[in-house]
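The listed protein sequences correspond, in order, to chains A and B.
Sequential numbering of the first sequence, starting at 112, is according to the numbering used here.
Sequential numbering of the second sequence, starting at 5, is according to the numbering used here.
No wet-lab data here; the hints were simulated from the structure.
In this text, a Cβ means the ideal position worked out from N, Cα and C, and glycines have one as well.
Each hint should be verified, as a subset may be incorrect.
[To be verified] Cβ pair distances, simulated, as ranges:
id, chain 1, residue 1, chain 2, residue 2, range
1, B, 207, A, 204, 25 to 31 angstroms
2, B, 70, A, 237, 37 to 43 angstroms
3, A, 190, B, 122, 54 to 60 angstroms
4, A, 201, B, 122, 55 to 61 angstroms
[Unchecked claim] Coverage of chain A stretches by chain B, computed from C-beta distances (three or more under 8 angstroms per stretch; other residues unrestricted):
id, stretch
5, 233 to 239
6, 335 to 345
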Amino acid sequence: MTDPRPLAAADDVEQGKVVLRTEGITKRFGAVVVLRGVDIHLKQGEVLGLVGDNGAGKSTFVKILCGFLRPDSGRIILDGKDVEFHSVREARRHGIEALYQDLALVPQLTVYQNLFLNREQTFGGRLGFVRRRKMRELARQHLHQMNVNVPSVEAEVEQLSGGQRQAIAVARATLEVGKVLLLDEPLAAMGAKESALIIDLVHELSASGDTSMIVIDHNYAHLFELCDRVNVLQDGKVTLDKIVRDTSIEELTELMLSEYRLQVLTARTQLKGRVPEVST
Amino acid sequence: MVAEGSSQGSLPDASPVAPSGARQDRARSVGRFFIVHREVTIFAVLVVLIVFFAVKNGEFLTYDNIVTIGQYVAPVAVIGSGEVLLLTLGEIDLSAGQTFLMSAWITLWLQQDGIPIGWAITISLLCCAAVGAFNGLFTILFNVPSFVTTLGTYYAMLGIVLIVSNDEQVSMVGITGRFGQIFGMSNWAEMFWALGIVVVLHVLLKAARFGWHVTATGGNKLAASEAGIPASRVKIWCFVIVALGAGFVGILDSIRVESLDPASPGTSMMFSAVSAAVIGGTALTGGRGTIIGAFLGACVLGVLNDGFELIGVSANTFTLMLGLVILAAMALNSRLGVLGSSRSGR
């Protein structure tokens, strides 16, 4: 593979600066190597799609970018500066927000409490008394702006439907406009109406030019609708990096299938070596 | 991972409520009311009990008797409120009763070694905090249920007290003057401290960032940590708070009673405290807890205990009643839970 750096540098001149870049991100869980050196770059206002088979390491990669996991090695460069996130809060402070695949909300807390989870508006310094009224008001405004309908910001999330919860999760990720928004399968488990809402939102955010996004989705049709560029993650590495109009659903499918065929082939050869062949 | 195909069946917006849904809706909102305001139910029960005993026995509402009830209620309320924090986290501290006991003994031992009472109390409380920190750290580092960790520390502390005391009852050092009055000698000292602690813990749980993080960690640990909440730290702090509270009321109690028994009070104190929390409407499943409820639960226990004695029912009957009350409270909890959380069309 060619070194992406000179390429990106050339793009910088043409299409604006690179907001986020990773170099050689690796991560293993015990004996399992999930990421073997992931290099990506994300330009201002760009929407980058991340494709890959189950277990290719997409979610792990996203969790590293948002400070939830630490990489074993590699660099994360934000706005030209090397950064290291020790926590989600730290990543947030740097303007990286995430919407996780599991859309984790706390069912027993209210809508506004979930929106402000761990970024509560407080007074009283270290005592941290919460400003309920202010947060309720901000939550109402934000949900209204995002066209999200819930019975009340004071409703417990437990009472909401699956789609409403998803919308809340998305609303939470966009509560503070960050530099980078990571969306891990934002459209999974979404009805048509909510899907449209998310797609609109992504377009709106990217049009504003302030927020760059990385989107993970299994549905290529969604990806092609959402993204400017796609990267394919296979076996812990980026194996394809193309602008959406230069590639096609067919190409991506073929790439994934070829990997699958290769795996089947390898598995077969390995089996042949070990298992005495059954004569037919 | 959810395949996108399978999700299409469940459209997000609530399906239109069927005609029969109106009644269901009302049941639901009644259920929700009592879920959100669990304290109202338990308060009503408390009032009924007080009226009942007051009518049955003229002595019930005398000053002396109210003092007696208050002295029973205070430690239970404090430890129960602490347990609420842990139960909200989905944890429990079975050793709190022994911390209650041991703190007084440590204070006494230090005093006998000639350390001034103020310092003795301070050092004793630090020991309690260490016990709490140990409970929390052990639970998290070894990933064992706190039920088991605190069962271990429960026996360990009981053992320490039995060994060092030679299993003999002794009298607690008498403390005189204003200091003694404040730290347990006066009739209402323990109750004032208890009220203060309950209010502080209530504010902590409901109106402070820390309390929201407790609820979040107990309700959905994954969500909490994804939002960057340090779940382990939150848990350890709660164990420390419980141990400190238990230790403090343990010292106050011993100063008031002026004697120390190595074996008896720890276990029953812990069970009373957890009962108070449960009767007050805190579930053991995590994510929900009410400190006011635990306080009212402690009052109910105190009133029942004292009331039965006054009207001449034996302590054994009280024990039976306590069991039934806990079962009833749990049944109510789960029924209301079902009513409250059922959504239309499911």
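Quiz item: Which earlier hints turn out false for this structure, listed by number in ascending order?
Solution: Failing hints, ascending: 4 and 6.
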